[in-house]
Amino acid sequence: ETGVTQSPTHLIKTRGQQVTLRCSSQSGHNTVSWYQQALGQGPQFIFQYYREEENGRGNFPPRFSGLQFPNYSSELNVNALELDDSALYLCASSPGKDQPQHFGDGTRLSIL
Amino acid sequence: QKEVEQNSGPLSVPEGAIASLNCTYSDRGSQSFFWYRQYSGKSPELIMSIYSNGDKEDGRFTAQLNKASQYVSLLIRDSQPSDSATYLCALRLNSGNTPLVFGKGTRLSVIA
Numbered sequence: 009e010t011g012v013t014q015s016p017t018h019l020i021k022t023r024g025q026q027v028t029l030r031c032s033s034q035s036g037h038n039t040v041s042w043y044q045q046a047l048g049q050g051p052q053f054i055f056q057y058y059r060e061e062e063n064g065r066g067n068f069p070p071r072f073s074g075l076q077f078p079n080y081s082s083e084l085n086v087n088a089l090e091l092d093d094s095a096l097y098l099c100a101s102s103p104g105k106d107q108p109q110h111f112g113d114g115t116r117l118s119i120l
Numbered sequence: 005q006k007e008v009e010q011n012s013g014p015l016s017v018p019e020g021a022i023a024s025l026n027c028t029y030s031d032r033g034s035q036s037f038f039w040y041r042q043y044s045g046k047s048p049e050l051i052m053s054i055y056s057n058g059d060k061e062d063g064r065f066t067a068q069l070n071k072a073s074q075y076v077s078l079l080i081r082d083s084q085p086s087d088s089a090t091y092l093c094a095l096r097l098n099s100g101n102t103p104l105v106f107g108k109g110t111r112l113s114v115i116a
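Just so you know, the protein sequences line up as chains A and B, in that order. Numbering of the first sequence is given in this note's numbering, commencing with residue 9 and proceeding in unit increments. Numbering of the second sequence is given in this note's numbering, commencing with residue 5 and proceeding in unit increments.
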C-alpha cells in the first residue's frame, strides 16, 4: 500500500476528446509526478508539481497539462486525444528530495 | 545513446537460482538509483534504492552500484516463481527533487 490512489482505473475515449485523470497522495508528500507508460516501455516523465507549482516537464506537448491542489490531490488533463495517447498513466509522490517515488495503481487509457 | 539501458529479456532462471539484472546509464551526474518491480498490468513497486557505491542488501535482494563504470545491478537470491515480473531500473539525474528516468525494463521468468 503506497498511499497513492488514482481514478479512474480504466477509461476509453475517442480521438479529439479531452480527459482528466486524478491522483491523491499521502499527506505531507509535497511532490507529485505524472508518467506515461506505453506497452513494453518504461515510464516516461510528463511533468512534476511541488507545492502546487509545476517545477519540471518532460518532452510532452502543451495539450498535456496538470494541477496540484493543497489537499495533496492532483490532476492530469489531456486535450485533443490522439491514438498514441493510449497508455498507462502513473502518478507518483514522494515526501522530499532524493526520496524514492511511490506509484499509484495507474489509469489505463484507451483511445479509439 | 539512451540514458538508461537494460536488456529487455526475457531472462529465464530456474527456481532457487540467483537472478542477475543489469542496468547501465550514460549521465555521470546521476545521483540516486532505484529498482522497481512491475507485474503485468500493474504499476511499478519500489524494491530497492541505492545512493553510494557498493552493495546494499534487503532480504533476498542485493543492489550493486558502480558509479565509475556507470553500472547498477539487482541480484535476486533463491528466485521464486512469484518473482516473475518486469524489473525497471530508474535514476535521478541530479540531487534534489528531480523526476525519475527509467529504462525499458527486463522481463524475468522464474521457472518452477
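Hints are computed from structural coordinates only; laboratory data are not their basis. Be a bit skeptical, because a hint or two may be false.
Beta-carbon label-pair distances, calculated as ranges [unchecked claim]: (1) B:D62 <-> A:H18: 41 to 49 Å; (2) B:P14 <-> A:A88: 20 to 28 Å; (3) A:L91 <-> B:S30: 50 to 58 Å; (4) B:E19 <-> A:R59: 18 to 26 Å; (5) B:G20 <-> A:A88: 29 to 37 Å; (6) A:K105 <-> B:I115: 20 to 28 Å; (7) B:R64 <-> A:Q25: 26 to 34 Å; (8) A:F77 <-> B:N98: 38 to 46 Å; (9) B:N98 <-> A:E60: 17 to 25 Å; (10) A:P78 <-> B:N98: 23 to 31 Å.
From a predicted model like this one, the values you see are computed outputs, not experimental measurements. Quick reminder that beta carbons are idealized off the backbone N, C-alpha and C, glycines included.
Here's how the hints hold up against the structure:
1. Against the hinted window of 41 to 49 Å, the Cβ-Cβ separation of D62 of chain B and H18 of chain A comes to about 33 Å, which falls outside the hint.
2. The beta-carbon spacing between P14 of chain B and A88 of chain A, approximately 37 Å, falls outside the hinted interval of 20 to 28 Å.
3. Between L91 of chain A and S30 of chain B the CB atoms are about 31 Å apart, so this pair departs from the stated range of 50 to 58 Å.
4. Against the hinted window of 18 to 26 Å, the Cβ-Cβ separation of E19 of chain B and R59 of chain A comes to about 47 Å, which falls outside the hint.
5. The given range of 29 to 37 Å is broken by G20 of chain B and A88 of chain A, whose C-beta atoms sit roughly 52 Å from each other.
6. Take K105 of chain A and I115 of chain B: their Cβ atoms lie about 41 Å apart, and the range 20 to 28 Å is violated.
7. R64 of chain B and Q25 of chain A have their C-beta atoms about 45 Å apart, which leaves the hinted 26 to 34 Å range violated.
8. The supplied range of 38 to 46 Å is broken by F77 of chain A and N98 of chain B, whose beta-carbon atoms lie about 27 Å from each other.
9. A beta carbon spacing of about 22 Å between N98 of chain B and E60 of chain A agrees with the range 17 to 25 Å that was offered as a hint.
10. A hinted range of 23 to 31 Å holds for the C-beta pair P78 of chain A and N98 of chain B, which are about 27 Å apart.
Against the hints set out earlier in the document, violations occur for numbers 1, 2, 3, 4, 5, 6, 7, 8.
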